[in-house]
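Kindly generate the complete structure, drawing on both the sequences and the hints.
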Amino acid sequence: MYIATFLQDPDFIRMLYILAFICFIVGLRLLNHPRTARRGNVVAAVGMGIAVTATLLIESVGDYGLIALGIAVGTGVGVPAARNVKMTAMPQMVALFNGVGGGAVALISWSEYRESLDAGGNPALETLIPILLAAIIGSISFWGSNIAFAKLQELLPGRPIQLPGQQFINIALLAVAVGCAVVIASGTESQGLFIAILVAAAILGNMVVLPIGGADMPVVISLLNAFTGLSAAAAGLALDNVALIVAGMLVGASGSILTMLMAEAMNRSIPNIVAGGFGGVAAAAPAAGDGDRGPVRSTDPADVAIQLAYATKVVVAPGYGMAVAQAQHTVRELADELEKRGVRVDYAIHPVAGRMPGHMNVLLAEADVPYDHLKEMDEINPEFPQTDVALVIGANDVTNPAAREQADSPIYGMPILDVDKATQVIVLKRSMNTGFAGIDNPLFYKENTALLFGDAKESVASVLGEVKEL
Amino acid sequence: MDLLTELTILVLAAFVGFEVISKVPNTLHTPLMSATNAIHGIVLLGGLLLIGPAEGFLTELLLVIAIVFGTINVVGGFLVTDRMLEMFRQRKPPPQAEAGESRPELKKAA
Numbered sequence: 001m002y003i004a005t006f007l008q009d010p011d012f013i014r015m016l017y018i019l020a021f022i023c024f025i026v027g028l029r030l031l032n033h034p035r036t037a038r039r040g041n042v043v044a045a046v047g048m049g050i051a052v053t054a055t056l057l058i059e060s061v062g063d064y065g066l067i068a069l070g071i072a073v074g075t076g077v078g079v080p081a082a083r084n085v086k087m088t089a090m091p092q093m094v095a096l097f098n099g100v101g102g103g104a105v106a107l108i109s110w111s112e113y114r115e116s117l118d119a120g121g122n123p124a125l126e127t128l129i130p131i132l133l134a135a136i137i138g139s140i141s142f143w144g145s146n147i148a149f150a151k152l153q154e155l156l157p158g159r160p161i162q163l164p165g166q167q168f169i170n171i172a173l174l175a176v177a178v179g180c181a182v183v184i185a186s187g188t189e190s191q192g193l194f195i196a197i198l199v200a201a202a203i204l205g206n207m208v209v210l211p212i213g214g215a216d217m218p219v220v221i222s223l224l225n226a227f228t229g230l231s232a233a234a235a236g237l238a239l240d241n242v243a244l245i246v247a248g249m250l251v252g253a254s255g256s257i258l259t260m261l262m263a264e265a266m267n268r269s270i271p272n273i274v275a276g277g278f279g280g281v282a283a284a285a286p287a288a289g290d291g292d293r294g295p296v297r298s299t300d301p302a303d304v305a306i307q308l309a310y311a312t313k314v315v316v317a318p319g320y321g322m323a324v325a326q327a328q329h330t331v332r333e334l335a336d337e338l339e340k341r342g343v344r345v346d347y348a349i350h351p352v353a354g355r356m357p358g359h360m361n362v363l364l365a366e367a368d369v370p371y372d373h374l375k376e377m378d379e380i381n382p383e384f385p386q387t388d389v390a391l392v393i394g395a396n397d398v399t400n401p402a403a404r405e406q407a408d409s410p411i412y413g414m415p416i417l418d419v420d421k422a423t424q425v426i427v428l429k430r431s432m433n434t435g436f437a438g439i440d441n442p443l444f445y446k447e448n449t450a451l452l453f454g455d456a457k458e459s460v461a462s463v464l465g466e467v468k469e470l
Numbered sequence: 001m002d003l004l005t006e007l008t009i010l011v012l013a014a015f016v017g018f019e020v021i022s023k024v025p026n027t028l029h030t031p032l033m034s035a036t037n038a039i040h041g042i043v044l045l046g047g048l049l050l051i052g053p054a055e056g057f058l059t060e061l062l063l064v065i066a067i068v069f070g071t072i073n074v075v076g077g078f079l080v081t082d083r084m085l086e087m088f089r090q091r092k093p094p095p096q097a098e099a100g101e102s103r104p105e106l107k108k109a110a
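From first to last, the protein sequence lines are chains A and B. Every letter in the first sequence is one number past the one before it in the numbering used here, and letter 333, counting from 1, is 333. Every letter in the second sequence is one number past the one before it in the numbering used here, and letter 63, counting from 1, is 63.
Rather than coming from a laboratory, the hints here were simulated on the basis of the structure. Cβ atoms here follow ideal geometry from the backbone N, Cα and C, with glycine treated the same way. You can take every hint at face value.
Computed footprint of chain B on chain A, listed as stretches where at least three residues anywhere in the stretch have a Cβ under 8 Å from a Cβ of chain B:
| hint | region |
| --- | --- |
| 1 | 20 to 33 |
| 2 | 81 to 92 |
| 3 | 104 to 117 |
| 4 | 236 to 247 |
Take a look at the structure:
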């Protein structure tokens with residue numbers, strides 16, 4: 001008996017929450033450094049375990065059957081999803097997990113509003129305003145994340161989708177959501193209005209993310225992540241729960257900083273991304289360089305093998321295409337074979353190669369590529385003029401010299417890998433389709449560029465075969 | 001807890017959040033985003049708090065879905081982050097790191 005009252009003591013629960021906060025903060029801190037990152041994640045997870053346990057101890061918490069059901073189903077869905085997702089599909093998985101978080105916030109705010117209506121009417125403003133905020137932000141985050149997922153999963157085209165007068169539609173939707181919220185806050189008791197808020201915010205979430213080009217998607221996911229954090233904090237204010245306030249706000253703030261760091265790495269500004277800047281100009285861009293466009297030179301595996309085998313320095317620039325073809329293991333075999341012949345092989349990693357910052361490092365690490373051969377963009381770019389062969393495997397936008405040369409290109413100013421400065425550039429490509437951003441690449445038409453068409457894995461394998469025969 | 005106390009906590013938590021992220025190498029952007037993503041799954045607690053006193057089928061249904069969503073967010077988020085970071089551990093076998101690297105192996109065995 002004594003133990004039960006002690007465990008349910010609100011002060012004891014508050015202490016457990018404090019312990020959880022310490023875990024979250026220390027965990028995030030550890031996640032800043034490669035050496036300690038994995039431990040940081042575990043520490044944060046332990047914090048979450050403590051917070052959940054503490055909450056289950058609270059006296060007013062009941063209906064354990066339903067709670068167990070919810071947690072069991074959630075675990076049953078979440079664990080296999082996280083376990084089985086391919087490394088290449090990681091970004092959209094994160095988008096999906098973010099989305100369900102936002103959805104949970106929206107549902108919780110709706111339930112709380114329903115309950116206070118049942119209990120006799122609108123809650124006090126200090127509860128009502130956070131509920132309304134949580135509903136708006138949570139709903140935007142849920143739907144926005146789902147669209148981001150659909151785009152990355154290629155259920156929707158990665159290209160920007162835009163309606164005429166999009167900005168006005170968005171502003172109108174936001175006005176509807178906020179307007180309904182103000183009406184409720186000024187005393188109207190109406191579940192219909194509350195649902196209208198959720199729906200308007202849902203459409204807004206769709207409309208905001210649809211026009212954003214695929215290349216900007218990582219930044220958008222990070223932004224939505226920060227949003228979900230904020231909505232969780234708002235829900236915390238509504239529920240008088242300090243754990244939600246602290247953890248939600250931690251994510252809101254750290255997520256915002258992270259979003260800025262990511263946007264910086266891509267040389268894009270956040271307002272620009274949200275306004276769908278990529279889409280607006282993309283259509284006009286290809287016309288720019290048409291005049292000086294020569295024919296494309298294609299090559300064959302035997303020729304590539306010779307160039308590689310007799311080079312002194314080869315730099316591989318991998319992109320999402322390599323990841324999709326699962327070619328990273330074959331690429332490493334080819335590199336091993338070349339190194340046996342005294343060729344130095346390095347990998348040029350663009351900060352956003354793949355679909356997310358750091359995505360390519362993960363994929364190459366999976367293929368046991370030695371860590372010291374992975375070079376970040378700033379480190380490798382000065383080395384391209386001394387490089388004999390730059391081997392571009394399934395990368396497109398991140399090697400597009402238009403970013404450096406054509407002021408009217410939508411990606412102008414984005415830092416790129418200067419592969420075109422190598423003596424010879426070999427591009428492995430499936431077809432002449434444009435990259436994820438939907439922009440033509442003048443690199444393919446340069447004199448020192450040759451293209452090897454085909455599936456990245458098969459191409460690399462046949463080059464490897466040819467090298468072995470030499 | 002009164003509103004002002006809560007707002008004080010909110011503001012201070014925001015500053016901690018800003019400070020805790022410093023010069024993160026590009027490589028870690030994705031795992032860090034994924035970990036913070038898992039942490040906002042804490043909304044799960046909201047579902048736990050509300051479902052006991054809740055009445056009516058629809059409200060309870062909404063809350064069970066909220067708990068399912070929150071759990072997916074938490075469990076999936078931390079697991080996926082761990083899988084990403086697991087990759088980074090392997091890529092560090094070079095000489096000096098060996099002493100430090102043997103520890104995770106031990107953990108695995110235990």
